Amino acid sequence: MTTPTAGQDVVRAAQPLLALGQVGKRFPDGTEALDGIDLRVAPGEFVSVVGPSGCGKSTLLRIAAGLEHATSGSVQVPTDQIAYVFQDPTLLPWRSVQANVELLGELRGLPKEERRRRAGNAIRLVGLSEFAGHHPRALSGGMRMRVSLARSLTLQPELFLLDEPFGTLDEITRERLNDELLQLFLTQRFAALFVTHSVIEAVYLSTQVVVLSARPGRVLDHFEVPFHYPRAPELRFDPAFTKVAARVSACLRGAAP
Amino acid sequence: MSAAAPRGQGARRGWRWGAPAVVAALAIGLWYIVSYRLLTEDTRFLVPPPDAVLRIGFLDPLNRAELLEGLLLSAQVAMLGLAAAAVIGIGLAILMSQARWLERSVFPYLVLLQATPILAVVPLYGFWFGYGFNTRVLVVFLIALFPIVANTLFGLRSVDRDHHDLFTLHGAARMTRLWKLQLPTALPSIFTGLRISAGLSVIGAIVGDFFFRQGEVGMGVLIDHYRSRLQSEQMFAAVILSSLFGLAVFLLFAALGRRVVGGWHESGRDTTPT
Numbered sequence: 248m249t250t251p252t253a254g255q256d257v258v259r260a261a262q263p264l265l266a267l268g269q270v271g272k273r274f275p276d277g278t279e280a281l282d283g284i285d286l287r288v289a290p291g292e293f294v295s296v297v298g299p300s301g302c303g304k305s306t307l308l309r310i311a312a313g314l315e316h317a318t319s320g321s322v323q324v325p326t327d328q329i330a331y332v333f334q335d336p337t338l339l340p341w342r343s344v345q346a347n348v349e350l351l352g353e354l355r356g357l358p359k360e361e362r363r364r365r366a367g368n369a370i371r372l373v374g375l376s377e378f379a380g381h382h383p384r385a386l387s388g389g390m391r392m393r394v395s396l397a398r399s400l401t402l403q404p405e406l407f408l409l410d411e412p413f414g415t416l417d418e419i420t421r422e423r424l425n426d427e428l429l430q431l432f433l434t435q436r437f438a439a440l441f442v443t444h445s446v447i448e449a450v451y452l453s454t455q456v457v458v459l460s461a462r463p464g465r466v467l468d469h470f471e472v473p474f475h476y477p478r479a480p481e482l483r484f485d486p487a488f489t490k491v492a493a494r495v496s497a498c499l500r501g502a503a504p
Numbered sequence: 003m004s005a006a007a008p009r010g011q012g013a014r015r016g017w018r019w020g021a022p023a024v025v026a027a028l029a030i031g032l033w034y035i036v037s038y039r040l041l042t043e044d045t046r047f048l049v050p051p052p053d054a055v056l057r058i059g060f061l062d063p064l065n066r067a068e069l070l071e072g073l074l075l076s077a078q079v080a081m082l083g084l085a086a087a088a089v090i091g092i093g094l095a096i097l098m099s100q101a102r103w104l105e106r107s108v109f110p111y112l113v114l115l116q117a118t119p120i121l122a123v124v125p126l127y128g129f130w131f132g133y134g135f136n137t138r139v140l141v142v143f144l145i146a147l148f149p150i151v152a153n154t155l156f157g158l159r160s161v162d163r164d165h166h167d168l169f170t171l172h173g174a175a176r177m178t179r180l181w182k183l184q185l186p187t188a189l190p191s192i193f194t195g196l197r198i199s200a201g202l203s204v205i206g207a208i209v210g211d212f213f214f215r216q217g218e219v220g221m222g223v224l225i226d227h228y229r230s231r232l233q234s235e236q237m238f239a240a241v242i243l244s245s246l247f248g249l250a251v252f253l254l255f256a257a258l259g260r261r262v263v264g265g266w267h268e269s270g271r272d273t274t275p276t
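If you're matching them up, the sequences are chains A and B in order.
Residue 248 is where the first sequence starts when you use my numbering, and the numbers rise one by one after that.
Residue 3 is where the second sequence starts when you use my numbering, and the numbers rise one by one after that.
Please note that a few of the clues may not be correct.
[Said to hold, decoys possible] Simulated crosslink set (SDA-like; lysine to any residue; CA at most 20 Å straight-line): (1) A:Lys359 with B:Ile96; (2) B:Lys182 with B:Ala101; (3) A:Lys490 with A:Arg478; (4) B:Lys182 with B:Ile96; (5) A:Lys490 with A:Leu467; (6) A:Lys490 with A:Asp468; (7) A:Lys359 with B:Trp266; (8) B:Lys182 with A:Lys490; (9) B:Lys182 with A:Ala346; (10) A:Lys490 with A:His475; (11) B:Lys182 with B:Val262; (12) B:Lys182 with A:Glu471; (13) B:Lys182 with A:His475; (14) B:Lys182 with B:Trp266; (15) B:Lys182 with A:His444; (16) A:Lys490 with A:Glu471; (17) A:Lys490 with A:Gly501; (18) B:Lys182 with B:Gln100; (19) B:Lys182 with B:His166; (20) A:Lys359 with B:Ala175; (21) A:Lys490 with A:His444; (22) B:Lys182 with A:Arg355; (23) B:Lys182 with A:Asp468; (24) B:Lys182 with A:Arg342; (25) B:Lys182 with A:Gln345; (26) B:Lys182 with A:Leu357; (27) B:Lys182 with A:Arg478; (28) B:Lys182 with A:Pro340; (29) A:Lys359 with A:Gln345; (30) A:Lys359 with A:Gln403; (31) B:Lys182 with A:Gly356.
These are computed hints drawn from the structure, not numbers from a lab.
Note that the structure is a prediction, hence the values are computed from the model and not measured.
Let the sequences and hints guide you as you build the complete structure.
Given below as structure tokens:
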């Protein structure tokens, strides 16, 4: 998954799990989606990307996952333990929760016993053990997204790529899932690159928030988020939190076309 | 249907069977009116009353035996042709889904096959291949093929982009993708195709038969005999039996589809708003 090209300042403190150097993306129809993106995600980091609609956030994630190729710049992902969480839970409707969570192990050729064990653990981690035999149709939107997260966890990912996973959920469910995701982040020790529309969500979850401009997406600024983990839900109402969120939000307003 | 059974559910279920029964009663009543009021003694053979159809067409042992033998033959023709269309149709659709060039080169001719009026080509098939059992199966096969191919192909193609990406990300091979993603996604469409073709197979069996007017005696040949001999009670009985057979085949495939995909797909449910 490594594309070694012009190696800029890639070697810094910890070996990053994702390093984008001057990444640009132009689609065959001429649309320029991204321009000169520098972005690093090191172990232990939770990086969120916010930006106006259509700024290429998803494209950025797809490039990181190897689903799209950058047209310029370098993409380095020195691990293949990558999980990708889509906007939609993308569960297979004909499979039970258990079988859905076992899918990636199946595709990766894990032995049956092993993938069954991992799936069981992952389902327990997201609190859905009693629903293991249900079909996705019987679950709520929030539960489906938990199944999707569980499915990704079975690969014991080092790098989690999440494309607005909670965008379609109601606010209460969304905040609950934010906390659950943070819990997983702390216990499962993956690094995350998280794309979202919500400034509050981005600041609440992340060690760092990156703001992209309108198309073509450029990095306008990035903000370190100074709060320690674990973070309590009340943090969202802390004046210090609001201050960071306000700065990100102001930057984002400047980014709008 | 919600889990909490509402009080009116029993009544609704009764209505479900009751309403068509009322329509059937009205239709039979109308039938009697046509037979006895609109038609005179001399012209009654055009629409013989229901009890005469029942008595002469179905209850007379000799007539009934003739009818059932005809049905058996036509049923064999229809089911064999349908089975062949299902196997070859689904296989062809899978191949076309894997290779665009194959789809591009073959699909237009399938459309042509579908667009050619079956009545125009049945005599030709008889002329070429004789008027036997196999030619009748061929007629059914050709009439039933297209809906199966088209629906299967549509189903295989309607996989979500995200699902494809998921499989791509985790290095799924082509066969894995086909077997674990595309075919299950296509199942509801495949059953739609089978249901349509099941109905067509009955039509094909009777049309082929009707047109050949020779060889073994199936439903089509019987209907033609009865018509030419003005045995209208038996003709009505044959028509009714044919339509019941078509209905049975349709319901069989509808039930099969529900059984296979009903657990997870909307098409398998009773979606009537309550």
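Here is what the structure says about each hint:
1. A:Lys359 with B:Ile96: At roughly 28 Å apart (the allowed maximum being 20 Å), B:Ile96 and A:Lys359 break the hint.
2. B:Lys182 with B:Ala101: holds, 18 Å
3. A:Lys490 with A:Arg478: holds, 16 Å
4. B:Lys182 with B:Ile96: The given pair, whose Cα atoms are some 13 Å apart, holds under the 20 Å limit.
5. A:Lys490 with A:Leu467: Holds: A:Lys490 and A:Leu467 sit about 18 Å apart, inside 20 Å.
6. A:Lys490 with A:Asp468: Answer holds: A:Lys490 to A:Asp468 is near 16 Å, not above 20 Å.
7. A:Lys359 with B:Trp266: violated, 24 Å
8. B:Lys182 with A:Lys490: violated, 49 Å
9. B:Lys182 with A:Ala346: holds, 11 Å
10. A:Lys490 with A:His475: holds, 16 Å
11. B:Lys182 with B:Val262: holds, 15 Å
12. B:Lys182 with A:Glu471: violated, 43 Å
13. B:Lys182 with A:His475: Since the Cα atoms of B:Lys182 and A:His475 sit roughly 43 Å apart, the hinted pair is violated (cutoff 20 Å).
14. B:Lys182 with B:Trp266: holds, 15 Å
15. B:Lys182 with A:His444: violated, 33 Å
16. A:Lys490 with A:Glu471: Cα-Cα ~12 Å, so holds.
17. A:Lys490 with A:Gly501: holds, 17 Å
18. B:Lys182 with B:Gln100: It holds: about 15 Å lies between the C-alpha atoms, which stays within 20 Å.
19. B:Lys182 with B:His166: Holds, at about 11 Å.
20. A:Lys359 with B:Ala175: holds, 18 Å
21. A:Lys490 with A:His444: This hinted pair holds, its Cα atoms lying about 18 Å apart.
22. B:Lys182 with A:Arg355: Given that 20 Å is the threshold and the Cα spacing comes to 13 Å, the pair holds.
23. B:Lys182 with A:Asp468: The given pair, whose Cα atoms are some 43 Å apart, is violated under the 20 Å limit.
24. B:Lys182 with A:Arg342: holds, 10 Å
25. B:Lys182 with A:Gln345: holds, 15 Å
26. B:Lys182 with A:Leu357: Judged against 20 Å, a Cα distance of about 16 Å means the pair holds.
27. B:Lys182 with A:Arg478: Answer violated: B:Lys182 to A:Arg478 is near 40 Å, above 20 Å.
28. B:Lys182 with A:Pro340: holds, 12 Å
29. A:Lys359 with A:Gln345: Between A:Lys359 and A:Gln345 the Cα gap is close to 13 Å, so the pair holds against 20 Å.
30. A:Lys359 with A:Gln403: holds, 16 Å
31. B:Lys182 with A:Gly356: holds, 14 Å
When the structure is compared with the earlier hints, violations turn up for hints 1, 7, 8, 12, 13, 15, 23, 27 and for no others.
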